[in-house]
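Asks: Spelled out, the chains give:
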Amino acid sequence: MASAPEVLFPTSPADAAAAFGDGAGVTVIAGGTIVMPEISYGRLKPGKTVVLTQAGLAGVTTDGSTVTIGAATPVSDLVGFRAPLGPCAANIADLEIRGQATVGGNVCAGEGHGAPRGDLQGALLALGATARSAGSDGERSEPLEEFLAYGAGRLLFDLSFVEPAAGAFAALDRPHTHDYTALAVSAARAADGTVRLAVTGAGTHGQRLPSAESKTSDPAVAGEAALADVTPHDDALASAWYRSKTLPVLVRRALAQLEEAS
Amino acid sequence: MNLTVNGSTHEIESGALTSLLDVLREELGITSPKAGCEQGGCGACTVLVDGAPRRSCLVPVGALGNAEVTTVEGLGAPDDLAPIQQAFTHHYAAQCGFCTAGMMLAAHAYVENGGSDDQHAIAEALGGHVCRCTGYVKIIEAVAAVARGDSFDLATTAASPGMTNIGGVK
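So the protein sequences, as listed, match chains V and F.
Under this note's numbering, think of the first position of the first sequence as 428, with each following residue one higher.
Under this note's numbering, think of the first position of the second sequence as 209, with each following residue one higher.
A couple of the hints might just be wrong.
Incomplete in silico selection of chain F near chain V, CB under 8 angstroms [stated by the list, open to error]:
#1 G223
#2 E246
#3 T254
#4 R263
#5 G335
Examples of chain F residues toward chain V, derived with CB under 10 angstroms [as the list claims (entries may be wrong)]:
#6 D230
#7 C245
#8 G249
Hint data in this document are derived by calculation from the structure and do not stem from the laboratory.
Predicted model, so just to flag it, every value in this text is computed and none were measured.
Where a beta carbon is used, it is the ideal one built from N, C-alpha and C, also for glycine.
In isolation and in its complexed conformation, chain F is listed as follows:
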């Protein structure tokens, strides 16, 4: 069985009923999807399947067929972050980081589908994602910024006095 993740095709040895989450983490070593509740209740394992956000813990890998899977590693590179990744950095939308990959993928799909910067619409789109740090305000601000088409100068973000703990400059 083959599985395409972030544009690369892998030969998979796991059984057809193994969850996509387990295949990604245990077989392919792609650890951005987190094993939170493993029953569809937290959103931390969310990946994109043909562009649509899906709980990887609920997807039997054998049911994917030729679908393309995207994890947050496939959204952008450290020196070429996707807009949603830039926004999460700029708006300080990540705290412990456990929910961040799932949040960003769901938000990416939301914006790609023409989602607006309306707070309620964003909350509805991300309603299945639990942030254990309860940092929802910053997350929604970040998604709204991308929906509006804001651009981000991350060098300035890192140099800002209030933001010194997100890396870069003291």
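The shape of chain V in the complex, shown without the other chains:
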């Protein structure tokens, strides 16, 4: 075995941020489901490691209609949520992995091992979630889209969103419980009627579908319009061709569900 890395177990969010610093050379472990195989197979030789299990970052709180989910909350805690978040969480791996994997780990996971990961990104983007994180310049809250684009070198604290009036989640079936979702579309209608649509599996991370959002009055048109927002890719789960054929279908299904739920 390699020489022992420095392993820190911060006991508060502030301690975690201090231990993390600017994140350079730091390995973060929350649930361990993504990082531990990397260590076991020797693909990752951790140096300074921050373990978040005691950092006070787990748990879901509700303040009025605003829901805040700590980064170290297990994915299984979201399974009972309304669409899109609940069904999206239930569609991740299996019972045991969901009990161990964390929301923050999932949201921060980029593409890896021939599959898009970050299953929850799409659902949280559709909910218009705000990400609170810490980095070398201190604490910051920003839309999840910006965190996904520019969040490297930041430690995610929590995600918050306002409960939608209605939500929907449509995904391609997984051949096995351990497959990542090849493609999934989340939709949410805010109290003011605004509809957000987002996709997981059509790029390296989840993304909004603004072209489809502007045409939701006609789901078939919105489905085709969504193709303008993404650049589907080939990977181990599905071909770009298959993704481009199924994205419009999932958008239509999500919008139909949203209509029913409204």
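Position chain F against the provided structure of chain V, taking the given hints into account.
Replies: Frame of chain V; chain F shown alone:
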């Protein structure tokens, strides 16, 4: 660092990022958790952490704190098998045995949490466990039997003509 397994506390020398699986097998010599895929994909290393089924290959031992770990050795003894162990014997739910410990621990937790004998619910609860012998039908039957509260007379099981190859009587 201390680790409590099956009610006994051990002083652990492995580093904090060593997987619980490696600590159990290599340091403590508890070999019922199997090193199958070592990436969370097969379920053969599943143990109970404070009663919840967890993949021991994915748990850094340092993150356990004071949690209690249970392996299948802690479920029952050869002369005092736990209901799930009796059911696996009675229903012939073990073939090569590689997945059996993980399956039994996940099934034990499922039943302890009030799981029903519904096949789909059992399949969902055990969905992360791969049986390379593909003996899923018998496994689900065994779990359903425990969920129903069936009792098992293993002397009769062993004497049954169709079951002579699970030990006991010819």
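Asks: Checking each numbered hint in turn, tell me which of them this model violates, lowest number first.
Replies: none
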